[in-house]
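Chains as they are written, first to last, in my numbering: chain U, 91 to 341; chain F, 173 to 618.
Source of the hints: derived by calculation from the structure; they are not laboratory data.
Computed from a predicted structure; not experimentally measured.
Idealized CB from N, CA, C, for every residue including glycine.
Watch out, some of these pointers could steer you wrong.
A partial selection of chain F residues facing chain U, derived with a Cβ cut-off under 10 Å [as the list claims (entries may be wrong)]:
#, residue
1, G358
2, T361
3, G449
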Amino acid sequence: MLLFFSLLLGQALAAPTPEEMVGTLQTIDDRQTNNGDYTSLVFIEQKESGKADLVYQAVVYRRDADDKLVILFVKPQAEAGKGYLRIDDNLFFYDPTVGKWERRTERERIGGTGSNRQDFDESRLAIEYTPTFVGEEKLGNYTAQHLKLAAKAGEDVAYPVVELWVDAPTKNILKRQDFALSGKLMRTTYYPQWLKKYSESKGAEIYFPKEIRIYDEVQKGNQTTVVIQEVDLKTLDPSIFTKAWLESKSR
Amino acid sequence: MLTIQLALRNLMQARRRTALLATAIGLVTVLLVGMLSWAHGIEDSLVREATTLSAGHVVLAGFTKTNPKEAAPIVSDKETLKKIVQENTPGLDYVIDRRRGWGKVVSDTESLQSGLTGIDIAQEKRFFDSIQLAPESDYVEGGSADPVGDPMEIANRHTCIVYAAQAKKLGVKVGDVLTIQTETAGGQTNTIDITLVAVLKDMGLLSSFALLMNYDDLNELYALGPDTTGAIWIYLKDIDKADETLGHLRQVFLDKGYQVMDHDPKPFWMKFDTVSGEDWVGQKLDLTVWRDEVSFITWVVTAFNAVTWFLVVILVAIVAVGIMNTMWNSVRERTAEIGTMRAIGMRRRRVVMLILAEAILLGLGATTTGALVGAGLAAAIDAAQIKVPIEAVQAILLSDKLHLAVEPSTLVQAIFFLTLFTALAAIWPAVRAGRLRPITAIQHVE
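Isolated chain F (complex conformation) (with noise of 0.2 Å):
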C-alpha cells in the first residue's frame, strides 16, 4: 500500500511528464477501442448480412444429380429433413427453408447476373424486421426521397425485391418488369417476367447481387416439384452453438441413412465443380455454418483485424520506447532520492516494485480513460449513422453506413493490455533503479 501511495505521490509531484505520458498512452488506447469497434462493427454487418441474406445460424443443404456430370444445388423431401430438424436440434430458435439460384436479370435497358432467393412471408421471422425501403432517389435520378412499394408484396407471384444499387444499375423503378433467364435442373432454358414491388437499401457486398422472389415462382423457374428447395436455415437461440449443432446434426442424418457430404467450409456455388465431379447419382446433404456460406468475404474482418493490431503494435512499440525513456530520465532525476531511500533502509526489490507501481498506475489510469474516450467516441459515430459515400468501400465494410460496435470485452482487453505494455517498458529502467547503490546515488548530482 506503502508503495502505491508513494508512486501516486511522485506521479502527481512529476504532473507535467505523468499528463504528457498519459496522453500519448490514452490516445494510443483510443485509437486501438476505436479501430477493435469498428472492426466488431464489420463483424456484426457481416453476421446480420450473413443471416439475413445467405444463410441461417446453420445450413442443411445439400446437392442432386439426375445424371453423374451435373449437380443441381437443391433438396427434396423438405418437410421430411424439416420436422427431422425441428426434432432434433438443441437450443432451436426456428428454422425457414429458402429456394434459390442463380440466373441473368434483364431489363429494358440492362442485364446482370444475379442470385436468385425463393422467400416464402409466412416462414420469415427476423428478415421484414431486418430490411428497410430505399429512398426512390437512391436509384432513380430524380426520384422521390420518400420510399416507394411493399416487399410484403412478394407474398404475390409473379414479384421480386432488389437492392439499391442493382436497381439502379438496372435502370428500374418499383413496378417496373424484370425477365429472369436460367436454365432447369434438367438444363433447359427457362425465364420469368416478374414485377418489382420494393427496393431495398443496400446491405453491403452480399446484396450486390441478390435478388429476392415469390418462393413458388422459383420452383417454377427451376420446374421443380413443391417438395424441393434450395436450403434449410436453422436459426438458434444462440448463434455460438452453430459449430456444435452442426457436428449434432450431422451424425442425426448419418444415423437415419441419409447421405450426407463431408464438412466443406465453402458456400455452396463454390461446391459446383467438385460435386460435378464425382461420380454418383440420387441426392447428397450438406451441413454448413453461416461462417461458412460467406467464407469468401470473411478475409475482410480478417484483413481489418490484422491492419487494426499491425497499427496498434506499431504505435505502441513508439509510446513503449517513450515510456521507457521517461522512466528512465525519472529515475535519473531520482537518483539522490532513490539513494536516500536506499539508505534508509528500503530493499532494492521494493524500489523496483515502486517504479513498476507508477508505471501500471499511469497505464491504467491513461488506458481506463482513453478506453471510455474511445468507446464514446465510437458509440457517437456509430449513432451519427454516418454514410458510406463510395460503393467499393461500402462492400469492404459490408454496410452503407459507417458501423462502429463498442463491446465491453474490447474495452476490457485493451486496458489490460496496453497496462501490461506499460508495465513491461518500464521494467528496464525499474531494474537499473534497484540496482543503485546509495553511496553513488546519494553523491549523484545532476
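Bound conformation, chain U alone (with noise of 0.2 Å):
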C-alpha cells in the first residue's frame, strides 16, 4: 500500500501542470512554424493490402503567417498537376484532368491517402487542443510525455482525441495516435527522426520530420509513408498561393 502511494505521489510530482503542457505543445507548434515561407519535396507512399503500392511524389509550399498551403503533385503522370490550396481558411482541390476546382474540407485525405492536410500544414496542436497528462512511459530508448489532446469546442479537427508521445528533452513528437468520436483507435503515426534547418526570416530554427510513418488501425495492413526532403525556407513568389499559379503548372 505504501509503495503504491509512493509510485502515485512521485507520479503526480513528475506530473507537468497544465500551464507546462501547454507550453509543450507551443513549444513543438512554434518549433515548426516558420514565420516566412516553408517549401519541401515530399514522397507520399501508399500502401494497402491486396493493392499495389503507389508512390506520390509532391512539392508543398507554405506561408504560416497567412495559413496558406498549397500541395502540388508532381509524380506519377497521371497525377501530375493535381493540387490542394488553402486559403483563407478554405482548402481547394484542383484536377486538371476536369479543370475544376473542388471545395474540400480540412480533414481531407491528401490524394486518398493515410495522410491528411495536417500533416503538411503548420503544427496547431496549442490552439485546436486541450492537453492532460496520463504519464512518463519509455519508447524504445526514449522517455516520452504521454499526453491526451482533447479537442477544442468549435475547432474544425478530424480526431477529437489524440495521444501525443513527447520525447522529454528535445519536446520532438515520436509517436501520436489519432481516435475517433466513438473513442476507437483510427490511426497511429510515428515520427522517427527530426531534422532542423536554420531560418532568416525567423531568426531561429525550425523543426521538420524526416519522415512520418502512418499506420491505419481501422484497416489493418494499410500505412502510409511520407517522406520530407529539400526543405527550404527561401521567401516565396505570392502568386503560388493562388488558383491561377496551381492551373498553370498543369499546362
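Could you fit the two chains together into a complex? Lean on the hints.
Structure representation (C-alpha cells):
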C-alpha cells in the first residue's frame, strides 16, 4: 500500500502542470512554424493490403503567417498537376483532367492516402487541443511524456482525441495516435527522426520530421509513409498561393 | 364497305405475297413490342428501386450549415415538418423519414464507400415487402443455397443490412461485424461497429452502394439530436401527381416562413458543392421528386428507349420499302384489272382507296397479330425470371433479372404506328394506280 501511494505521489510530482503541458504544445507548434515561407519535396508511399503500392511525389509550399498552403503533385504522370490550395480557411482541390476546382474539408485525406492536410501544414496543437497528462513512458530508448489531447469546442479537427508521446528532453513528437469520437483508435503515426534548419526570417531553427509513418488502425495492413526532403525556407512568390498559379502548372 | 370487301378479296387472292408481307410487318411489331416492354421493365425497375432505396414519390430534405463553408444534408424539427406534410398533401398515402449519410464500410479484409440509410422498421410500410433475402451462396463461396439472417433484426441497435454484391466484395456473411467510418456534422471522425443481420438480393445500380442500418445508430454516428433526420419521404396514392405535389408543398412551406431552395433536379449528394459555396448559415429545405434523386441513372431508360426507336425506325424503313415495292408489283400485276374497274365506272379516288385499304387491312392484321405474339413472348420471358449473369449488365438494367413489362398502351401504340406506316408506304403505288388511264390499263399486257 505504501509502495502504491509512493508511486502515485511520484507520478503526481513528475506530472507537468496544465500550463507546462500547453507550453509543451506551444513549443512543438512554434518550432515547426516558420515566420516566412517554407518549401519541401515530399514523397508519399501508400501501401494497401491486396493492392499495388502507390508512390506520389509532391511539392509543399507554405506561408504560415497567412495560413496559406499549396500541395502540388508532380509524379506519377497521371497525378501531375493535381493540387490543393488553402486560402482564407478554405481548402480547394484542383484536378487538371477535368479543369475544375472543388472545395474540400480541412480533414481531407491527401490524394486519397492515409495522410491528412495537417501532416503537411503548420502544427496548431496548442490552438486546437487541450492537453492532459497520462504519464511518463519509455518508448524504445526514449523517455516520453504521454499526453492526451481533447479537441477544443469549435475547432475544425479530424480527430477529437489525440494521444501524443513527446520526447521529454527535445520536445520532439515520437508517436501520435488519433481517435474517433467513438473512442476507436483510427491511426498511429511515428516520427522516427526530426531535422532542423535555420530560418533567416524567423531568426531561429525550424523543426520538421524527416519521415512520417502512418498506420491505419481500422484497416489493418494499410500504411502511408511520408518522406520530407529538400526543405527550403526562402521567400516565395505570392502568386504561388493562387488558383491561377496551380492551374498554370498543368498547362 | 365494298372497298373493304374488295381489298380483303384481293389480299386473299395473293396469299403468298400477303403472307410474306404480313410476316415481315408482324416480326417488326413483335420486336417493337418486345423492346418497348423491356424499356418499360427497366423503367419499372427504376421506379421500384428508386422509391425503395433512394426516395419517396416526393422528398422533403434540405441542408443545415453551421458555418458558411460546410453543409450537412440534415433537417431538424422533423416531427413539425412531417405534420405539415400530412396536413397539406392532397392524395397522400403515407410519410416516412430516413436518416442518410455517406461513409467508409470496413470489414476484416476490405473496405468500400457506401451510402448509409437509417431505417426505422415501425415507419416502413413497403420496404420489407419489396426486398428479398439473398441465398448465402450469392456472396459466400460454398455458402448455403438458402437465405440466412433476418432483416427485421435491424430494429436492434448496432445492426446493418447490405446487398449481396457488397457482402461479396467485403467478404462478409451474416453475423460478421463491420466498422462504419464517417465524419460528424461538426467534421470529426467517428465510427460505429455494427453486426450484419441480413444480406439482400441485389436490386441494380443503387443497391450496389446502399447500406441500411438502425435508425438511431446513424444519428449516433453523426452525433445528431433525435429530432433531426436526413429526408422525409412522401408517398402518394398516384405517383404521377409527384410534380404537382412538389409545387404545392413548396408553396406551403414558403407560406409558413421556411427557407426553401430553388428546385434543382439532382440528388442531394450532387448539391454539396453548390450549397457549400453559398454564403448562408441555418437550414434550407429542398423539395425533389423521386426522378430527381435518381437523375444520374435515368439516362439508362432514355438511352434504351432511343436505341429501341432507332432500331425500329430502321426496320420499319426497310419494311416500308418492301411494302411499297410489293404494292407497286401488285398494282402492275393488276393493271388490266384496274383498267377494267375504271372502265366500268370506278372513280380514281376509289382505286386509290382500294389499294390503301389493302395496305391498312394488311398492316392492321399483321401488327395486331405481331403485338399479341410480342406481348405473349414478353410476358413469358418476364415470368421465366431469367437471371442476368453479368454484374455490369445488371447495373444498366437496374435488375438482376430480365424484367419486361407489357402495357396495353404499348400494344395500341405499336399497332397504330406500324399500321400507319404501312398505309403511308402504300400511298405512292395507290396514287400511281389511280392515275392509270382505263384504255392504257386494259391494253396492258404483262
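Hint by hint, here is what the structure shows:
At about 8 Å, the closest approach between the beta carbon of F/G358 and any beta carbon in chain U falls short of 10 Å, and the interface hint on this residue holds. For F/T361, the interface hint holds, the least distance from its beta-carbon to any beta-carbon of chain U being 5 Å, beneath 10 Å. Because the beta carbon of F/G449 sits about 7 Å from the nearest beta carbon in chain U, less than 10 Å, this interface hint is met.
No hint from the list above goes unmet by this structure.
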